[in-house]
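J.: Here is what each chain is made of, one letter per residue.
There are 2 protein chains.
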Amino acid sequence: MPCGEFSLIQTYFTSRTGQRDDVILGIGDDAAVLQLTGDEQLVVTTDAMVAGVHFPENTSPFDIGYKLMAVNLSDLAAMGAQPRWASLALTLPDADEGWLKAFSAGLFELASQHDVQLIGGDTTRGPLTLSLTLHGVVKKGRYLKRDGARAGDAIYVSGTLGDAALALQHLLENDEAEDALLARLNRPTPRVELGQSLQGIASAAIDLSDGLMADLGHILTASGVGASIQLHDLPLSKQVKARTIDGDWSLPLAGGDDYEVCFTVPSTCQEALEESAAKAGLNVTRVGIIEAEPGLRCVTSAGEILTPHGRGYEHFSSVQVEEVDS
Amino acid sequence: MPCGEFSLIQTYFTSRTGQRDDVILGIGDDAAVLQLTGDEQLVVTTDAMVAGVHFPENTSPFDIGYKLMAVNLSDLAAMGAQPRWASLALTLPDADEGWLKAFSAGLFELASQHDVQLIGGDTTRGPLTLSLTLHGVVKKGRYLKRDGARAGDAIYVSGTLGDAALALQHLLENDEAEDALLARLNRPTPRVELGQSLQGIASAAIDLSDGLMADLGHILTASGVGASIQLHDLPLSKQVKARTIDGDWSLPLAGGDDYEVCFTVPSTCQEALEESAAKAGLNVTRVGIIEAEPGLRCVTSAGEILTPHGRGYEHFSSVQVEEVDS
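Note that the protein sequences, when read in sequence, are chains A and B. Taking my numbering, I'd label the letters of the first sequence as residues 18 to 343. Taking my numbering, I'd label the letters of the second sequence as residues 18 to 343.
One or more hints might be untrue.
All copies of an identical chain are treated as equivalent in the list; a pair is satisfied when it fits inside any one copy or across any two copies.
Unchecked claim - In silico lysine to aspartate or glutamate, DMTMM-like type, Cα no more than 25 Å apart, as pairs:
(1) Lys-157 / Asp-132
(2) Lys-156 / Asp-250
(3) Lys-157 / Asp-38
(4) Lys-258 / Glu-321
Think of the hints as simulated: they come from the structure by calculation, not from any bench. The model shown is predicted, which means the values in this text are computed figures rather than measured ones.
Just chain A, same shape as in the assembly (with noise of 0.2 Å):
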């Protein structure tokens, strides 16, 4: 390859990543060597994302860079792991300098934050497609999955529902949108203490990326069970609230791109999940009970039951062909 190109990614990528003690080899051989203790369980995830499909052309490449990092996580905060490794296949088409600066600036700027190291990948010229595969650990048997919620069980998420699904409403009608809303869409924040303290607390978790309807349903059809959802429990920020004043729940329900956690808590647990909330300064809301009944039941405050449907409830996203989750 063209020096000049070889010496970019060194500039951007291999010498600003991060040192961890347990990376025995790094970027440079043929592969990685990394060190797990015993008593660990390995925790992997892929996110791959498309200009176009997952981000608006536009979007900044910093942006870029910082949510292909934060989605990523987010798998891991959902699966109560501890971040370590992240392995980047980057194709694009040219090698720009300053796409590359700002894009390792953004991806960089999280992976510190969480002590992940890049440990390889692999750079190609072709239309821009980025693909981060990133490894946790977990106590061996400590990691939270989708089968274990039970009827009685209480259903709780983690900040927000439907900023970013508005935020991608107003680009695309181009207007304008706050910057706090936009920083939902494009700087999601992986909630990663979070999946941690959940450990041995909550029965079920996953992280919501296509929306509370799509994601809790997975959970749900894991588990075999059923669910019934207050709407006026959700917690919304003020401008998701505003839209939802007309009886129109699609943003929080099926907005997709909310990167919180999703999870739910046995009774017996519950007041340990609120104190350890409370103490960390996490915010966690609760929004329903797992029920034995199949299905999941939208109940608003005059006590009827609303049925989604229609296209408001559709991924906005929906080119995306499918997640083979993990």
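Using the hints, position chain B against chain A.
T.: Coordinates of chain B only, in the frame set by chain A:
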């Protein structure tokens, strides 16, 4: 996602992969959970392939799947690692059932030979881009790296060199190529067993993806040494040998896509190597020697040092930006 597409992925990926005992949680949650033992280290490599860059646009999907697995297995081979788990990021223009069926058949044909389980990934719509992250293990400290070559060590390569590059030449010139030659391009055989047998024997190892000169060059640079190669000792098929008669050694030296292993062996270990290779029926050839003087000298049968130059020594896939190896 449309249900039909979901079930295609289910049919051709999730349900077709092998099931390893050390996969605690496979496809279907936010991430996979994997078990290592306390005396193992994790080895991770990522290689991406882009249509029109890494393979001609008309390459069969079976061969694309096979080769994607092969090039990653080849990296693990060069580390001496035992392959275990794969994560696939697949970007596709559309969910073409015939394509997915053939691609997955190629991928799993080679994966099952090496007991590799698909543990997750992400499939999205976009220009055809494929990225595989492959995980293996080595006993603690037993991996093969690049920086251990010392003056006096013998240099070996597996298999024969230049066949894949010759096959590509035929394809690009619309010539007929023999099936055996085409197979060397489209279905390379990763030297996984050889790599593992080199633990404790090889002082350095690398897989040959960019041609012997470039890849041996990485060992020399990392180890701070030089080398001499005897051109007439290079293991060549009769077709490649015929191309060297006029003194053009570009195919075996710089052709690329060999996916053989190049490794160095201290004189104290050469007997062990040749015994173990003979016993296992492994085809390895001594081609040169590591020297203290920096640089790579290619020596002809007349004792002259050939100085490679001109475009014959460039990688045919020179549009590739950079491999951040691993």
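J.: Hint by hint, note whether the structure agrees.
T.: Cross-check of the supplied hints:
For the identical chains of this complex, Lys-157 and Asp-132 are neighbours both inside a copy (21 Å) and across copies (23 Å), given an alpha-carbon limit of 25 Å. Proximity of Lys-156 to Asp-250 under the C-alpha cut-off of 25 Å is found in neither arrangement, the shortest distances being 34 Å within a copy and 52 Å between copies. In this assembly of identical chains, Lys-157 and Asp-38 lie within 25 Å of each other by CA distance both inside one copy and across copies; the values are 21 Å within and 15 Å between. Taking the shortest alpha-carbon separations for Lys-258 and Glu-321, only the intra-copy value of 19 Å comes in at or below 25 Å, while the best inter-copy value is 80 Å.
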